[in-house]
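**Q** Taken in sequence, the protein lines are chains R and Z. The opening residue of the first sequence carries number 53 in the working numbering; numbering runs sequentially from there. The opening residue of the second sequence carries number 88 in the working numbering; numbering runs sequentially from there.
Hints were generated in silico from the structure; no laboratory data involved. Everything hinted at is true.
Over 12 angstroms on every C-beta distance to chain Z, these chain R residues come out as not near it, computed from the model:
hint: 1; residue: GLU55
hint: 2; residue: ALA130
hint: 3; residue: ALA134
hint: 4; residue: GLU135
hint: 5; residue: LEU139
hint: 6; residue: ALA148
hint: 7; residue: ARG149
hint: 8; residue: ALA152
Here are some of the chain Z residues that sit facing chain R, going by a computed Cβ distance under 10 angstroms:
hint: 9; residue: ALA101
hint: 10; residue: ARG132
hint: 11; residue: PRO149
With the Cβ distance kept under 8 angstroms, some of the chain R side facing chain Z (calculated, not the full set):
hint: 12; residue: GLY71
hint: 13; residue: LEU75
hint: 14; residue: LEU89
hint: 15; residue: PRO90
hint: 16; residue: GLY91
hint: 17; residue: THR92
hint: 18; residue: ASP98
hint: 19; residue: ALA102
hint: 20; residue: GLU103
hint: 21; residue: ARG117
hint: 22; residue: LEU118
hint: 23; residue: ARG119
hint: 24; residue: ARG120
For clarity, every value in this text was computed on a predicted model and none was experimentally measured. The beta-carbon is built from N, C-alpha and C at its ideal position, and this holds for glycine as well.
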Amino acid sequence: MREPTFLILTALAEGPRHGYGILQEVETVSKGRVRLLPGTLYTALDRLAAEGLVAHERDERVEGRLRRYYRLTADGSAALEAEATRLQQLATAARARLRAYRPATS
Amino acid sequence: MGSLDRRYRRLLRAYPPAYRRVRGEELLGVLMDATPPGRDRPAFRAAANLVRHGLRARLGRPASRTVVMWATLTAVICGLFTAAVATRLAWETGRPMPDRAETTAILAEVAPEHRFTDVQVSPALFTFYSQRVRLGDLDAILFPDGGEYEQSSGTANATGTPPMPAAAAVGTAEARLREAGWHVYSRSVEAYDGCTDKMCAVTATITTTSVEARRGDTLFQLSVTDPRIDPEVPYLSVGLRRTTPPAVLPAGVAGGLLGAALGWLLFGWASRRTEGQVAPRLCLAATLLLWWTPAVLAGPAMLVHHLHEPHPVWHPLWEWLGQPALAIFFAAGTVSALLGLAMSVAQSGAGAPATRKVG
Numbered sequence: 053m054r055e056p057t058f059l060i061l062t063a064l065a066e067g068p069r070h071g072y073g074i075l076q077e078v079e080t081v082s083k084g085r086v087r088l089l090p091g092t093l094y095t096a097l098d099r100l101a102a103e104g105l106v107a108h109e110r111d112e113r114v115e116g117r118l119r120r121y122y123r124l125t126a127d128g129s130a131a132l133e134a135e136a137t138r139l140q141q142l143a144t145a146a147r148a149r150l151r152a153y154r155p156a157t158s
Numbered sequence: 088m089g090s091l092d093r094r095y096r097r098l099l100r101a102y103p104p105a106y107r108r109v110r111g112e113e114l115l116g117v118l119m120d121a122t123p124p125g126r127d128r129p130a131f132r133a134a135a136n137l138v139r140h141g142l143r144a145r146l147g148r149p150a151s152r153t154v155v156m157w158a159t160l161t162a163v164i165c166g167l168f169t170a171a172v173a174t175r176l177a178w179e180t181g182r183p184m185p186d187r188a189e190t191t192a193i194l195a196e197v198a199p200e201h202r203f204t205d206v207q208v209s210p211a212l213f214t215f216y217s218q219r220v221r222l223g224d225l226d227a228i229l230f231p232d233g234g235e236y237e238q239s240s241g242t243a244n245a246t247g248t249p250p251m252p253a254a255a256a257v258g259t260a261e262a263r264l265r266e267a268g269w270h271v272y273s274r275s276v277e278a279y280d281g282c283t284d285k286m287c288a289v290t291a292t293i294t295t296t297s298v299e300a301r302r303g304d305t306l307f308q309l310s311v312t313d314p315r316i317d318p319e320v321p322y323l324s325v326g327l328r329r330t331t332p333p334a335v336l337p338a339g340v341a342g343g344l345l346g347a348a349l350g351w352l353l354f355g356w357a358s359r360r361t362e363g364q365v366a367p368r369l370c371l372a373a374t375l376l377l378w379w380t381p382a383v384l385a386g387p388a389m390l391v392h393h394l395h396e397p398h399p400v401w402h403p404l405w406e407w408l409g410q411p412a413l414a415i416f417f418a419a420g421t422v423s424a425l426l427g428l429a430m431s432v433a434q435s436g437a438g439a440p441a442t443r444k445v446g
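One chain only, chain R, in its complex shape (with noise of 0.2 angstroms):
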C-alpha cells in the first residue's frame, strides 16, 4: 500500500470527511511532510471506492460549494489495520537491530 493511500485511509479513519478535510487530515497525521495534490486525492479516492475500501457518506452545501463526504467501509478500515501492523512488525524489528547495532559503534 503506498503512503498517499495509507494516510487517506487514515484520515478517513476517525470518521466521514470531504476532499478539502481529507487533503487536512493528511497533511496533520504527518506532521506537514506530505501535502496531497487534489488531482492525486481525487484518483486514489475513485481507486479506493473501485476496490470498496471507501464509500460516498452524504453531501452538504456549505457556503454555496458542494461538500461530498467519504467514510472508510468494513473492508477500507481492515485494510488500515492489516498495513498499520504491517508497518508496525518492520518499525519495530528496525528498532531492535538499531538498539542491538549501537552498543557496538559507541
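Given the coordinates of chain R, assemble chain Z onto it according to the supplied hints.
**A** Relative to the frame of chain R, chain Z by itself:
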C-alpha cells in the same frame, strides 16, 4: 465567477465530460478551498497535477494498475504512425527529383572524363520498383513487396574503357565535387572475394569505393568497382537523390504529438465504455502486437544499419517502423483496432465506475 474559478474550470477539461458532470463541482470546491487566499491563478504544480490526473481519469478503470501502461503503448505507436504520415506529406514540400537536364549538368561538372551511356531519371521522390506508385500497386505493397517502396535515386553508369585507374577516378571526383561547392563525406570501402571467371578458378579481392556528397537539397553518390571482372558491367555508377526537406522534422514532431494525444483520448474513450469486457481487451492486445512487432524488429536493425554506414540522409521514419515492408501487420492491426472501437460504439456508455458509485 472569478478568474481563479474560470482557470480551474479550464483545467478540469482534462477530465472526461461524464466525470466532470458528476465530480466537477466537488473537485472545484476542493481546489478553491485548497488555494491560498489572494491567488488569482492556479500554481503550476497544481495545474500540472490536475491535467495529469484528468488524463488518467479519461482511461477509466480506476482500480487498474496497468491501464496507464496500455494507454501509453497505444499513444506512442499512434504517435509514431501519424508522425510517419506527416513526414511523408512533408517530403512533398521538397523539389522533385533531378530531371535529365540537371543530371547531365551535374555529371558534366563532376565527372566529365567518363562516358555515361545509361542515364535513368527517377519519376518520383519515392518509387515502387523504380516506378511511380499506382493504385494497382497497393495490394503488392501490402503483401509481399512493401520493402520495394523506397526513396528513389536517379542513376548513371559509365561503361567502356575507364579513362583512369579506379583510385584516380575517385580522387578526381572528390576534388571536382569540392571545387563545385559540394560537401564531400568520407569514403566508404567494401571489399569481398569474387570470382574472376565463370568457372571461379581464380578469385580476387573486389573493392567498391563509394563517395557521397551533398549540395543544397541534392545528394550525389559515386561508386567505383575495381577490378572490373566483366567488361559489360559498368565500372563507375552515379546516384542522385534529394535530401530530407526541412519541413519533415517539424511535421513529424507535430504529427507525432497530435497522433499520440488522439491515441490516448481514443483509448480512454473505448476503455471507459468497455470496462469488464474481455473481447475489446483481446482486440487491443492484438492491435498492439501487430503494430509494435514491425517497429520493434525494424527499429534496432535500422539503427545498426545507420551506425554501420554513413547516412547523409536517414531512412524515412516509416521504414524505422517496419513499414511498408510489413504493411500486412499494420493492416491486420488496424482491422483489430476498428473491431475494438466498434465494440465500444455498441456499448451504452455507462461512464467510469467511480462516477457511477459516487453519483
